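Could you put together the complete structure from these sequences and hints?
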Amino acid sequence: MGKFDGKVAFITGVARGQGRAHAVRLAQEGAAIVGIDLAGPLPGVPYESPTRADLDTTASLIEGCGGESMLRQGDVRDLEGLKSLADDAVARWGGLDIVVANAGICIPVTWSEVTPTIFADHMDINVTGTWNTVMASAPHLVTRGGGSIILISSYAGRKMQPFMVPYTASKHAITGMTRAFAAELGVHNIRVNSVHPGAVNSPMGSGDMQGRIAETNEANPRLAVMGTSFLNEFAASTDQIADAVAFLASDEAAFITAEQLSVDGGAQHF
34 MGKFDGKVAF ITGVARGQGR AHAVRLAQEG AAIVGIDLAG PLPGVPYESP
84 TRADLDTTAS LIEGCGGESM LRQGDVRDLE GLKSLADDAV ARWGGLDIVV
134 ANAGICIPVT WSEVTPTIFA DHMDINVTGT WNTVMASAPH LVTRGGGSII
184 LISSYAGRKM QPFMVPYTAS KHAITGMTRA FAAELGVHNI RVNSVHPGAV
234 NSPMGSGDMQ GRIAETNEAN PRLAVMGTSF LNEFAASTDQ IADAVAFLAS
284 DEAAFITAEQ LSVDGGAQHF
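Take 34 as the starting number for the sequence shown in my numbering and just add one per residue.
It is worth saying that the hints were derived from the structure and are not from the lab. All values derive from a computational prediction rather than experimental measurement. Every residue gets a Cβ at the ideal spot worked out from N, C-alpha and C, and that includes glycine. It cannot be assumed that every hint is accurate.
Derived lysine to aspartate or glutamate pairs resembling EDC-like cross-links, with alpha carbons at most 20 Å apart [stated by the list, open to error]:
id	residue 1	residue 2
1	LYS36	GLU217
2	LYS36	ASP276
3	LYS36	GLU101
4	LYS36	GLU96
5	LYS116	GLU81
6	LYS36	GLU285
7	LYS36	GLU62
8	LYS36	ASP284
9	LYS192	GLU292
Label pairs and their in silico Cβ distance ranges [to be verified]:
id	residue 1	residue 2	range
10	GLU248	ARG125	43 to 49 Å
11	ASP120	ALA153	26 to 32 Å
12	ASN253	ASP120	46 to 52 Å
Encoded structure:
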């Protein structure tokens, strides 16, 4: 018996990294997985973009642990596309119970290098994409009589991330969105919480991401040490973030809502 037997989880950014870890973890505990990912070129990022092959691998991993899935290539900026996926999932499995708004982008850039396009892409994907995810899925949780919505924010949504004004702004917006949705959806027995990872060993660190961070750090080296873990490990694994998501999705967190759960080794306090 898994703790999520009979549950249906809707996850964005599911092709790899944290999104894949959330999907596999919930599937291992019995949930059916509804997922979406751009699975294509992300605008302006210095790391490798996800691919259709990545999305197919996630589907295979879910199947390998005995789970069922409905994974689709799509864009969280497309509200109608998200609604269509949610409707198709409800038609197949009868409802939705868990939502994990995980999709996002991160572009290291000093304040003077920020362009309107870079800022808009962060807002459109990280903020509007998260809002779209909730708007497409929450009505089905209302019909179900309750559920758990988990928005993936960041260490940057509790403190700040140097040389990432657009990213920091977007993740603070998610923190506020969590509280606001929690207040209004509570009457429907829907809990809304946010998870705040610090550094994570994931594909977001691939390509030239580390080199770009090093370049921006040169603008003010005093800020480079911000976000350092108190523990011996610098970064979390994707499975450790999935542990937090699984907890908040479970009945063990039945009276927890509007909360911000950090998984950052204490980095927000450094």
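Against the structure, the hints come out as follows:
Pair hint LYS36 plus GLU217 does not hold up; C-alpha atoms about 27 Å apart against a cutoff of 20 Å. This hinted pair checks out: LYS36 and ASP276 have alpha carbons roughly 13 Å apart, not beyond 20 Å. A distance of roughly 16 Å separates the Cα atoms of LYS36 and GLU101; the hinted pair therefore holds under the 20 Å criterion. For the hint linking LYS36 to GLU96, the alpha-carbon distance of about 18 Å falls within 20 Å, and the restraint holds.
For the proposed pair LYS116 and GLU81, the alpha carbon gap of about 28 Å is over 20 Å, so the pair is violated. Restraint check for LYS36 and GLU285: satisfied, since their Cα atoms lie roughly 10 Å apart, inside the 20 Å limit. A C-alpha spacing of about 6 Å is found between LYS36 and GLU62, which places the hinted pair at or below 20 Å, so the restraint holds. This hinted pair checks out: LYS36 and ASP284 have alpha carbons roughly 8 Å apart, not beyond 20 Å.
Note on LYS192 and GLU292: the hinted pairing holds, with a Cα-Cα distance of about 15 Å set against a maximum of 20 Å. Distance hint check: the CB atoms of GLU248 and ARG125 are about 47 Å apart, consistent with the given range 43 to 49 Å. At about 29 Å, the beta-carbon gap between ASP120 and ALA153 stays in the expected band of 26 to 32 Å. The given range of 46 to 52 Å is respected by ASN253 and ASP120, whose C-beta atoms sit roughly 48 Å from each other.
The structure fails hints 1, 5 (numbered hints given earlier, in ascending order).
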